[in-house]
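Starting from two chains that each stand alone, build the complex the way the hints lay out.
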Amino acid sequence: MFGKEAIKLIHELDQCEEIKPFNEAIFQQVLEEINSLYEQNSKDVSTITETNTAPRNSVIVRHFAMNRNKRCLLTYLYHRLRRLRQIRWELGSILPSEITANLVSAESHWFQAYSKSLATYMRSIGEDGLNIMNDVHPPKSLYIEVRCVQDYGKFEFDDGQIVNLKENTYHLLPRSQCEALIRQGVLEHVSS
Amino acid sequence: METKNSESEYSTEHNENVSHLEESDDEMTAERALQALENAWLNEKFSPELLPHQLELVECMLEQISHMEENLKKLEKGDIRLNIHTMEINRIRFIISSYLRKRLDKIEEYAIYFLSEDANRSSEEAFMTPAETHFAREYVSSVESLFTTLALQHMPRRIKDFELNAMSSKPNLNKHVFIRANKATDGILIPGNMNEQDFKEDSQHIIQYAAIAHLVKNGHVQLI
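Each protein sequence line maps, in turn, to chains A and B. Using UniProt numbering, you'd call the opening residue of the first sequence number 1 and step up by one each time. Using UniProt numbering, you'd call the opening residue of the second sequence number 1 and step up by one each time.
Just chain B, same shape as in the assembly (with noise of 0.2 Å):
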């Protein structure tokens, strides 16, 4: 009896927090935003490339955690719901640190290359966050260096210096991934193949990346 109490508290508690969110934001309630973060994190995990980022959303996500330990400070240790309440936490903390670790892993790999694609667009378009192309920028500089002490400096004038062209890799867009249609789209043009496929919504499909990329960046596609 007493566990059925708990978790009816449980339940309006939750219906605080959410309704707390919608008031600092009206666009996003925290289950769609939990939800939209789940999305994000699953499509930089399988894509070759980096997306979009998602600042916002991590920073919401962080502000809701912070806010939910608040509340669970008021509560007495030994409470049923102090357990449920830190274990959604960490769930949520482990999603978010796995989507920004993933996403530091491809800029490392491939850092030249993002920040030479995010040279041509503007800030706001830009795919990494200010943060991230401040880490991107100072890890090839420190590859640079690395490099540069240790042997560029030692060698002759014509091919000592640090080529960016030739050190920069490009992540591979042509390899297959699992997909979910969100919504039905009409007309993909399958690579090396002069045919046209049709998703039905909810469908899912084995497919090359780079025919797909457009539609996961405006949340038509789901990678799975």
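The shape of chain A in the complex, shown without the other chains (with noise of 0.2 Å):
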């Protein structure tokens, strides 16, 4: 039946919130029953004449089918690429290599790409510019309770002083500067 194999890639997003590996060989299946609907259709098209209109209803059938299939792989495509964009603002520039062992190499390269476009518009937002990906909470106090994750080694601050980050240790530190930290998981807020 047409459509079923695009159909298919829908469902893989549906099924998971997480960027899976980019389901090539179903891409490809689609890509080719796209060509091939496009071909017999070219065929049929000289066939009609005014006595033998017949061969229409199916180049219709046909029309249609390979639209939802181009529909298919674009959203398949566009909901990969919306999942990326939220990494990159959760995560910032650099992918952890799970994700991009998941990729293909036009989505790496999207992924830089837009990298680049944001860098270049937050550059460009007052005199010196602004990370808008920070100030993501609205601030309830300055320093916040935090417990490292992992070993980050020394950190050092806006003021210059120097906090080692060790796994398993408790520090108060302001909460500006760590919530970058924070989302990429090197430490964990500590709520009281």
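Careful: at least some of the hints might be erroneous.
Quick partial rundown of chain B residues pointing at chain A, CB under 7 Å, derived from the structure [unchecked claim]:
1) H85
2) M87
3) R91
4) L146
Hint data in this document are derived by calculation from the structure and do not stem from the laboratory. Beta carbons: idealized from backbone N, C-alpha and C, even for Gly.
Okay, structure coming up:
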């Protein structure tokens, strides 16, 4: 049946929120289906005459199947791209290897291009730029209590103070500067 | 007693800041600018469409922040004013970032639509700042090149184009929003209903966004 493979791609998006390995096999199969539908259509179109209108219906059905397949393919690409975008906002411009492994090269290129235009935009704000990735939550207090989840080493703050972030140590640190580390999973916010 | 002293110093210093700003921009005091920024932020947060940009306001507040930060460097560590001011700076920075983030979110989602809308406006009337327009263009072309490399170029000639119209989606202007009227306004037409509605000053309503879109832009109502 036409479009059967294409819908599998959409189901895959539905099944989990994460970026799964790019489904090259099905993707190629759908592209082939589109091309074969197109070829059959071009053959049939030439046989339509005023007396022989029968092929017209099958041409229309194939045409819709073709467009539906195209739509499914682009939807698949677009939703993967939006998830990748979400990761850019949460983790920053360096992708963890378990995610890069699931991308095809065009997607990695997109990610770099996106990071670049985002950086250009942020540099343009005000006189010396503003990192809008910071300050995600309304500030409640200047300092927050954090637990170090993994060994990070020395971390220098704006005012020159150096803190040694070792696994399982607790610190009271300026909120504005730990935000990025919390998102990267180095620190954990201990809510009291 | 000590705290009280610091507080009074704090307020004089705050006034100094204000007067400093008045010198450079006699139309807007720091306090009014902050209020305007907060209003713009709430409007942007709750409106389904992109509102005209507030580039000047954002730049003015950023300048104010760096000015305050300069002042703070002069203070000694442990001074109570340091904490109060830093907190205030963090709050303002949160509002600015959140405001700009919200705009980028919308721009990404409806990039094609906003670009075509802005193309009909002169550069002074454009809703997006030049930097945002640049970002929107780059975003659309990066999506296009991803689609082309992976899918479109392998398709038959007749359907391989990146159709801007088919890809573009529009914000839902009929969404209901909560509003407060800043000024008394008469004769608001409710869509799909021939009745007119009058807003009293400070009254609150739930209404379809499309009916009051122009009032949000001229500041007669505030989204809440």
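Here is how each hint holds up against the structure:
no., hint, verdict
1, H85, "10 Å, violated"
2, M87, "6 Å, holds"
3, R91, "6 Å, holds"
4, L146, "5 Å, holds"
Against the hints set out earlier in the document, a violation occurs for number 1 only.
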